[in-house]
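**Q** Assemble the whole structure, with the sequences as input and the hints as a guide.
Residue numbers (our numbering), protein chains in the order written: chain A, 107 to 515; chain B, 107 to 515.
Quick caveat, the hints were computed from the structure, so don't treat them as lab data.
Among the hints, erroneous ones may be present.
Note that identical chains are pooled: a pair holds if it fits in a single copy or bridges any two copies.
Unchecked claim - In silico lysine to aspartate or glutamate, EDC-like type, Cα no more than 16 Å apart, as pairs:
#: 1; residue 1: 162; residue 2: 445
#: 2; residue 1: 478; residue 2: 512
#: 3; residue 1: 238; residue 2: 205
2 protein chains.
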Amino acid sequence: MSIARSPLAPEGFPDLPAIAGVTPRVARARYKTWDRCDLTFVELAPGTAVAGVLTKSRCPSPEVEWCRDALPLGTARALVVNAGNSNAFTGNRGRAAVEAIAARVAGHLDCQPSDVFVSSTGVIGVPLPIDKAEAGLDAAFAAPECSWQDAAATIMTTDTFEKAAVANVVVGGKIISLVGIIKGSGMIAPDMATMLGFIFTDAAVDPAFLQAALSDANVRSFSCITVDGDTSTSDTILAFATGQAGNAPIVDGNSPGADAFRSALADLCTRLAHLVVRDGEGASKFITIDVEGAESDESAHRIALSIANSPLVKTAIAGEDANWGRVVMAVGKAGEPAERDRLSIRFGETQVAVNGLAVEGYDEAPVAAHLKGSDVDIGVDLGLGSGRATVWTCDLTHGYIAINADYRS
Amino acid sequence: MSIARSPLAPEGFPDLPAIAGVTPRVARARYKTWDRCDLTFVELAPGTAVAGVLTKSRCPSPEVEWCRDALPLGTARALVVNAGNSNAFTGNRGRAAVEAIAARVAGHLDCQPSDVFVSSTGVIGVPLPIDKAEAGLDAAFAAPECSWQDAAATIMTTDTFEKAAVANVVVGGKIISLVGIIKGSGMIAPDMATMLGFIFTDAAVDPAFLQAALSDANVRSFSCITVDGDTSTSDTILAFATGQAGNAPIVDGNSPGADAFRSALADLCTRLAHLVVRDGEGASKFITIDVEGAESDESAHRIALSIANSPLVKTAIAGEDANWGRVVMAVGKAGEPAERDRLSIRFGETQVAVNGLAVEGYDEAPVAAHLKGSDVDIGVDLGLGSGRATVWTCDLTHGYIAINADYRS
Chain A
107 MSIARSPLAP
117 EGFPDLPAIA
127 GVTPRVARAR
137 YKTWDRCDLT
147 FVELAPGTAV
157 AGVLTKSRCP
167 SPEVEWCRDA
177 LPLGTARALV
187 VNAGNSNAFT
197 GNRGRAAVEA
207 IAARVAGHLD
217 CQPSDVFVSS
227 TGVIGVPLPI
237 DKAEAGLDAA
247 FAAPECSWQD
257 AAATIMTTDT
267 FEKAAVANVV
277 VGGKIISLVG
287 IIKGSGMIAP
297 DMATMLGFIF
307 TDAAVDPAFL
317 QAALSDANVR
327 SFSCITVDGD
337 TSTSDTILAF
347 ATGQAGNAPI
357 VDGNSPGADA
367 FRSALADLCT
377 RLAHLVVRDG
387 EGASKFITID
397 VEGAESDESA
407 HRIALSIANS
417 PLVKTAIAGE
427 DANWGRVVMA
437 VGKAGEPAER
447 DRLSIRFGET
457 QVAVNGLAVE
467 GYDEAPVAAH
477 LKGSDVDIGV
487 DLGLGSGRAT
497 VWTCDLTHGY
507 IAINADYRS
Chain B
107 MSIARSPLAP
117 EGFPDLPAIA
127 GVTPRVARAR
137 YKTWDRCDLT
147 FVELAPGTAV
157 AGVLTKSRCP
167 SPEVEWCRDA
177 LPLGTARALV
187 VNAGNSNAFT
197 GNRGRAAVEA
207 IAARVAGHLD
217 CQPSDVFVSS
227 TGVIGVPLPI
237 DKAEAGLDAA
247 FAAPECSWQD
257 AAATIMTTDT
267 FEKAAVANVV
277 VGGKIISLVG
287 IIKGSGMIAP
297 DMATMLGFIF
307 TDAAVDPAFL
317 QAALSDANVR
327 SFSCITVDGD
337 TSTSDTILAF
347 ATGQAGNAPI
357 VDGNSPGADA
367 FRSALADLCT
377 RLAHLVVRDG
387 EGASKFITID
397 VEGAESDESA
407 HRIALSIANS
417 PLVKTAIAGE
427 DANWGRVVMA
437 VGKAGEPAER
447 DRLSIRFGET
457 QVAVNGLAVE
467 GYDEAPVAAH
477 LKGSDVDIGV
487 DLGLGSGRAT
497 VWTCDLTHGY
507 IAINADYRS
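**A** Put into structure tokens, the structure is as follows:
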């Protein structure tokens with residue numbers, strides 16, 4: 107089967123600058139019987155700092171375990187991404203494949219294996235074939251540098267468009283750039299809605315600060331999106347900073363440009379996260395859920411996720427139905443502090459329920475018009491405190507069922 | 107739209123005995139523009155004990171709050187069930203409707219309003235019209251006693267079949283009967299997948315013991331089913347015991363017949379719960395998920411629910427796809443203790459993964475045959491401890507999307 111480009115996809119691929127110290131190459135490892143590049147090899151200059159956030163799944167892939175062990179060392183020389191095989195749930199053989207990849211790259215670059223970061227996405231339960239990985243790597247070593255669009259395309263599985271974003275920021279008088287590529291949320295093979303994202307910057311940043319900034323950004327971006335509530339065994343976000351921009355290194359929050367860098371990274375992560383939702387399986391609406399008035403930000407986040415993951419809310423939006431009763435239900439089931447008689451709900455700019463009561467005779471025309479658009483906003487005010495959160499999701503359509511049930515793996 | 111009878115429905119309605127001291131009647135309150143009975147009035151003999159379990163939603167209906175206040179008193183004289191309007195999220199006006207119903211019945215039966223239990227199911231956010239409720243009650247007071255099937259039909263909203271079950275048990279030398287009727291999981295109007303269940307027995311049972319037995323049964327039955335993970339604002343199970351069977355009252359676990367009564371009630375609850383799953387929106391498969399080897403029963407329960415609520419697992423079963431990778435994902439995301447390399451998974455009787463590895467060359471024929479049937483069993487062994495749990499759910503199909511998104515409310 108082929109899946110049409112998501113109706114929520116942006117018009118085109120953005121213009122992205124080269125990042126000094128970052129050299130992407132792609133090759134055909136032929137992990138599946140397809141004729142496309144499926145191995146991405148990104149060489150990173152010596153001195154590159156690294157940070158990452160990884161899936162909390164209790165059944166992670168060996169790649170996730172490898173990255174978790176390597177991240178505390180803070181340095182990176184290469185990234186390898188395999189598409190078409192997630193290598194998850196493959197026991198010692200899966201681990202051996204990751205070690206073989208790291209060893210081959212370490213030999214090529216004359217670096218430590220722990221400087222090589224590896225991610226894989228695709229079918230679960232099939233050990234990544236080491237011979238194909240090694241042949242693919244050798245081809246990549248010899249390949250010319252590729253474009254960001256080629257790299258973004260090569261990490262895709264059943265994504266319907268290449269996803270990338272860029273941010274520029276001045277740090278200590280130097281212009282630095284951040285480029286991110288990401289894949290996720292398209293799936294027909296028997297694997298997860300895997301999300302893999304990679305961010306590259308030429309900034310000089312201490313790994314500890316990079317990690318803090320990335321963790322902080324993650325909480326407000328990737329951790330705030332959901333397509334179907336199903337957490338992958340392979341979710342990985344890695345950020346690499348080559349330090350070639352010439353800025354005085356950012357070592358902590360007091361360094362010149364630290365705040366600017368942190369916000370640029372957070373902004374980049376949010377835009378990358380939105381792209382994943384816009385390629386959500388079967389998505390026809392991009393939904394923003396704003397919760398305020400909760401007892402804490404954490405409580406607001408859990409309530410927002412309860413709404414975003416509710417099949418009844420998601421199908422109502424797919425049906426362009428201002429079904430605020432389902433929002434009430436999702437607030438009620440979240441298990442967080444809520445009082446029915448203080449709860450207010452809006453669709454777009456129109457309040458439909460205030461203080462636990464439907465707004466009688468509210469104007470349905472702007473609500474209907476808002477729901478017909480491709481971007482839908484739902485606002486919930488709990489009326490209890492000052493906690494707030496925003497979560498992004500997509501609707502639940504026949505397309506999701508078609509992708510995940512109609513076609514056998 | 108009309109929804110076809112669920113393919114998982116039992117062949118017919120069971121033969122149910124009358125329960126001494128229980129007199130059901132139905133009438134047309136016309137809560138919606140339909141020509142069908144939508145108000146159920148069940149008169150209960152003086153001395154009837156009552157117990158109940160109610161939704162944990164933080165935004166419950168006024169009916170749920172009314173029942174929660176009345177249950178500690180332990181006595182009941184009547185049950186009123188309104189179909190077509192859930193009366194949830196309606197503020198003081200909704201509360202006034204419940205009070206008016208209780209007052210009218212109390213006047214008719216010369217009892218306390220707190221002896222009148224009220225449940226409503228249907229559209230949310232519209233106060234139950236008091237005039238229609240009162241006229242409906244007056245019609246019900248004058249109506250002849252009806253059959254259990256009529257009562258089971260009258261509490262339905264978009265259920266596709268009437269749901270009831272019976273159990274008989276000997277308590278202290280007397281044969282006692284338990285009859286349950288239940289509705290839930292069919293929905294096209296803008297309301298929740300509301301579950302309402304009512305159990306009637308002629309046993310003499312102390313309210314405290316009845317409550318303990320019902321709470322216990324609930325944990326292993328209604329709390330172990332899920333259609334879409336969306337918890338209603340109105341979920342209610344009430345059990346009424348008229349004491350007319352002539353048994354020596356069961357006052358605690360040491361009373362004669364206490365164990366027999368408790369298991370009969372638990373068995374009845376499980377069968378009623380299964381009927382709700384079998385009428386799950388769009389369901390084409392009845393799925394049993396057995397988790398064992400967890401660190402505790404509670405942990406096993408949460409893992410089983412994580413599997414049962416996973417859209418990717420549910421769509422895989424709909425597609426008759428032995429996609430055990432999605433089961434691994436759902437175990438991994440549950441946040442409970444799990445070790446990838448001890449995890450084993452079976453479909454039906456066939457092990458497909460053992461100790462964190464796919465069983466190479468397992469016989470796919472029996473797995474495929476099992477998945478083609480209407481009843482699918484998934485077994486997960488975590489290999490950690492002795493905790494176990496069973497959860498029942500249904501698959502996620504185009505029918506679910508059609509019911510909840512294609513038709514506007």
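**Q** Now tell me if each hint is right for this structure.
**A** Hint check:
no., hint, in the structure
1, 162 - 445, "between (31 Å within a copy, 13 Å between copies)"
2, 478 - 512, "between (27 Å within a copy, 14 Å between copies)"
3, 238 - 205, "within (14 Å within a copy, 73 Å between copies)"
When each numbered hint is compared with the structure, no violation occurs for any of them.
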